[in-house]
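Participant: Starting from the given sequences, assemble the full structure and let the hints guide the process.
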Amino acid sequence: MNKTFARAVATALIPCMTLASVPLTAQAGIVSTEQAMVTPAGQADRDRVSAFLARDDVRAALVQQGVNTDDAIARVQAMSDAEVAELAQRVDRAPAGAGVVGVLFTVFLILLVTDILGFTKVYPFTRPIR
Amino acid sequence: MTVTRRRALALSAGATASALLGGCATPAAITALQADWPPGLPPRVMLDGVPFFPQDDLLCGPATLATVAQAAGRRVTPAELTPQVYLPGRQGSLQTEMLAAARRQGLVAYPIAPRLPVLLAELADGAPVLVLQNLALPIAPQWHYAVAVGFDRDRAELYLHSGTTPRLPTALRTFEFTWARAEHWAVRVTAPSRVPVTAEADGWARAVAALERSDVAAAEVAYRSGLARWPTHRFLLLGAGNTAHAQGRLTQAADAYERTVIQHPDFADAWHNLAQTRLDLRQRDAARRAAARAVALGGPRQADYRALLARAEAAR
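Those protein sequence lines, which keep their order, are chains A and B. The working numbering applies: residue 221 is where the first sequence begins, and numbers increase by one. The working numbering applies: residue -12 is where the second sequence begins, and numbers increase by one.
Just to be clear, a hint being listed does not mean it is correct.
[Said to hold, decoys possible] These stretches of chain B come out as covered by chain A in the derived footprint (C-beta under 8 Å, 3 or more residues):
(1) 194 to 203
(2) 225 to 236
(3) 288 to 297
[Claimed, not checked] Away from chain A, derived, C-beta distances all over 10 Å, residues of chain B:
(4) P30
(5) L34
(6) D43
(7) R142
(8) G150
(9) V208
(10) R211
Think of the hints as simulated: they come from the structure by calculation, not from any bench. As the structure is a prediction and not an experimental result, all values here were calculated from the model. Cβ atoms here follow ideal geometry from the backbone N, Cα and C, with glycine treated the same way.
Facilitator: Here it is as structure tokens:
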């Protein structure tokens, strides 16, 4: 059921990704605002992941596992742009919601947290807390 | 490895069970909100001036979009918007297209932070908010757009222009469930001169950059209103330059780029655009100096920077 949901979300995202990749009809020689934003997209992804980790339902899940949100956010701050981009994609694909936390989402979150704590190493982009 | 993996699975199984059980209770977001009502947020708001269009059939997309567009000062009707957002094959409207259609009206589509207090703060500021709900369950989603137009703390209700009912009272609790299943998607469709009260600088810059493609003059106004709140923001400054340049006001564009590089001397793209604009203005020395700065900083567009420097040096 959650796969279906994830697939629905992914399908909904396809048009926006296609649109995003359409080259801009740029004025001669000018770097467009959107293009300029692409370089620090790392920051945008970072903010998205941090916002995700700071959300009430996510924080509750983290606290339940004995993890402090600030630690998780600090961990994200330590990741490279490419790593955060990958994480952000996973965040986008993870079904969200306070009442109906999807299994996929929960497993993703738990494995992320356990990765961060050094219990597991599922995602290549995490570095355990020393 | 095996042991830790097993422990992780046990952990996740436990969390899943508690999450499913948690689904029956009032969402934590609502409990927290009622217990800790944000200071300054009034207990009751009703935006009486927001127009209402009862939707036909499955056309909640066009109806809600027309509602927020009219509230932002445009004259557009649901019928005019239908061909822009409705997908007969899907019997609905995609979120992306809702945003794009708002931009085609010269409005900024700003997705607000996905939290109820933010939504209520926008309403308290007099702004209706377009929201997406999943009225059913993830297993058989029933997507629905509505426009939030008010709330009442004591009754714990949100008021929605929804379907064929204006100001439909909806329990905050129920709303939170249906909204959460749509990933808390909510958008302020706003005139470029009016930055939403809860807006953040980066988000506003992104929303306006997307508008640049459909309506450059509106985007320029939006960058300027953003700069009134965040005077040194990197992309708002650059965007003010780019929109002036796109409209052929080169001197003004150069001034905007100069302001950008004064605030952000590490911003190679801004130096590059400054150089291009100086070259357009036939100010070759200034163009060469700015182009050299871009090349010295480098980055993913270094090839473009070098090409521009070569052109500036060749110019007579």
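Participant: None of the hints should be skipped; say for each whether it holds.
Facilitator: Checked hints:
Look at the segment 194 to 203 of chain B against chain A: 5 of its residues bring a Cβ nearer than 8 Å to a Cβ of that chain, three or more, so the hint holds. With 5 residues bearing a CB less than 8 Å from a CB of chain A, the segment 225 to 236 of chain B meets the requirement of three and the coverage assertion stands. Remark: the segment 288 to 297 of chain B is confirmed as covered by chain A, as 3 of its residues place a Cβ nearer than 8 Å to a Cβ of that chain, reaching the required three. Once the 10 Å rule is applied to beta carbons, B:P30 is consistent with being away from chain A; the minimum gap is 21 Å.
Annotated as non-interface, B:L34 keeps its C-beta farther than 10 Å from every C-beta of chain A; the closest such distance is 26 Å. Every C-beta of chain A lies more than 10 Å from that of B:D43, the closest at about 23 Å, which supports listing it as non-interface. With a minimum CB-CB distance of about 21 Å to chain A, B:R142 clears the 10 Å threshold, and the non-interface call stands. Every CB of chain A is more than 10 Å from the CB of B:G150 (nearest about 21 Å), matching its label as outside the interface.
At the 10 Å boundary, the C-beta of B:V208 stays outside the reach of chain A, the nearest C-beta of that chain being 14 Å off. In this structure B:R211 is separated from chain A by more than 10 Å, as the shortest Cβ-Cβ distance comes to about 14 Å.
Comparing the model with each numbered hint stated earlier shows that all of them hold.
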